[in-house]
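J.: So you can see what is in the structure, the chains are spelled out below.
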Amino acid sequence: MKPFSGTSLTDHALTTGEVLLTYWKVKAEYQWDAGLAMSTYLNGLKQGKLLGIHCPQCRRTLIPPRVFCELCFRPLDQWVELANIGKINTYSVSYVNWDATRRQTPEVPAVIEIDGASPGMGILHLMGEVGDTLEAITRRLKVGTPVQAVWKPDSEREGAITDIRYFRPIG
Amino acid sequence: MGYKNRVAVVGAGLTRFMRRALETPKELAFEAASAALEDAGLTIADIDCVVSVSAPDAFDGVHMKGEYFADGAGAWGKPYMRTYVGGGSGVFSLISGWYHIASGHFDTCLVVAEEKMSAALPHPQGCFNAIYDQFTERPLGVNLLWIFALEMNRYMQTYGIPMETFARVAQKNKRNGMDHPSAQPGIAGDFTIQSILDSEVMVWPVHRQMVSPISDGAGAMVLTSESFARRLSKPPVWIEGVGWNLDTSYWTDRDLCYPTYVEKAARMAYEMAGVTNPRRDIHVAEPYDPFAYKELHHLEGLLLADRGQAPRLAEEGFWDRDTETGIPASPSGGLLGVGNPIAASGVMKLAEIYWQLQGQAGARQVRREVRRGLAQGWGDLMQVGTVVILGK
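Each protein sequence line maps, in turn, to chains Y and Z. Heads up: the first sequence begins at 1 in the working numbering, then just goes up one per residue. Heads up: the second sequence begins at 1001 in the working numbering, then just goes up one per residue.
Fair warning: there could be bad hints in the mix.
Calculated pairs, DSS-like style, for lysine-lysine (alpha carbon to alpha carbon, straight line, at most 25 Å) [to be verified]:
(1) 1234(Z) <-> 2(Y)
(2) 142(Y) <-> 87(Y)
(3) 1392(Z) <-> 2(Y)
(4) 49(Y) <-> 152(Y)
(5) 2(Y) <-> 1026(Z)
(6) 1026(Z) <-> 1078(Z)
Rough simulated footprint, nothing fancy, chain Y against chain Z, three-plus residues with beta-carbon under 8 Å [claimed, not checked]:
(7) 1019 to 1029
(8) 1248 to 1262
(9) 1370 to 1377
These are computed hints drawn from the structure, not numbers from a lab. Glycine is no exception: its CB is placed at the ideal position from the N, C-alpha and C atoms.
Required output: the full structure, derived from the provided sequences and hints.
T.: Printed below as a string of structure tokens:
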């Protein structure tokens, strides 16, 4: 088999003008309508409540909520208020930002199974009050660790997932 | 099921994989397509239709980039389509090419996978933020690695898998990659388990040496009908089975420790291929390995190991390239050892199975006899499984 082709560039070639470059910056902005399910969910967050929706056919209580069940493909309208507590399904400890730069103090994203939703039904959020070293965090958090939502005060809530500041371990 | 044509693979070609290539997407596509045609002993005039795959347009900053690089893919004046299922696209490209020919509508199809990730600033990872839900997830300040670290930790904690086992998978693939002519500089090598464990934690439990790199590169394959393949001098390799499946986009509601979508795709492909016992009938595998844990996760979804057992088999050398009793996994070096130009890496995996079956894999040729192998892709919001079974 003959060698494959391809010219691998070095950082040096890019910074010295050895390779010619052209540059373009995108300016893209979007404004999304929250839609049927999310409007109710986000309004719930504004009131300090986590809302799920029940599928009577599948007997599942779903979060994040949707106005249709993707399993039995029926419309849903039985909203249910869920608890402010849950347990950790999984978590991670992030030392990088979206642009691949390093963080000094890590963020701790987690999938949290919400009490009152069907088993395994969770949401993505951040953990807080868990320490700021990998050792401390992995000692404090396990799969199944009970957690509680820490809300922003009423006056600061705006109908967004960030109305919950973070979840903290309890017990 | 009644397909009009049995479909053969008659050629494969790749470019080198690179962190940053001088070549444009059109030029990369041209190099890979030309190499595949040459391997098949055909010219572009023999090609009836062209299929291409490439990841999000956002990497290139070129809208409808499939049309942009189509000339380099040999599509001028021919029926052409780009198909896209995220990271599963590379393996899906052969499925898409397969149904063009299986339908009876075409005798030959050139399949081209191109990826140039390096142009996006400040880092191509940013292009992936838009896969997260814009209401419930993006406002939290997401990054792409979160979702994989979350899945890896769920898998680790469910089965009590030691970090050393994931390092062993990375070590195997990076060693295998040393013999691959496309391997990206700096990616393959003979690393100790300790050096992999000591590599920087990116998003725990994912360490730098357990994640595939950003890459530019392209790959291509030539497919033909049985009657066309019989006229060529080389013995063909057959597409014996294809399968694909999509899980829910509500990923926080899924069972993250098992890839059900891969199992469904695999079962579809096994049924078509008449494979009733995959552990006996599949002799070499190229599971999708953008992360070390993903190779093990996918081997379980492919039913090549019981749930939670792929890590133990890794420790026993069951997936090693020189195994005599196991199933070699990622003998190419995989994405961890060769590189990960997203769509092109799936074609690299398919090409490896093709070369293994042809006995053309050189230093990478597995020790055991191989008559049938599979390649598997995965992508979208961790939700798509794509599987192709090749046999001779």
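J.: The structure should be examined with respect to each hint, and the outcome stated for every one.
T.: Against the structure, the hints:
no. : hint                : result
1   : 1234(Z) <-> 2(Y)    : holds, 17 Å
2   : 142(Y) <-> 87(Y)    : holds, 9 Å
3   : 1392(Z) <-> 2(Y)    : holds, 24 Å
4   : 49(Y) <-> 152(Y)    : holds, 12 Å
5   : 2(Y) <-> 1026(Z)    : holds, 21 Å
6   : 1026(Z) <-> 1078(Z) : holds, 17 Å
7   : 1019 to 1029        : holds (count 6)
8   : 1248 to 1262        : holds (count 7)
9   : 1370 to 1377        : violated (count 0)
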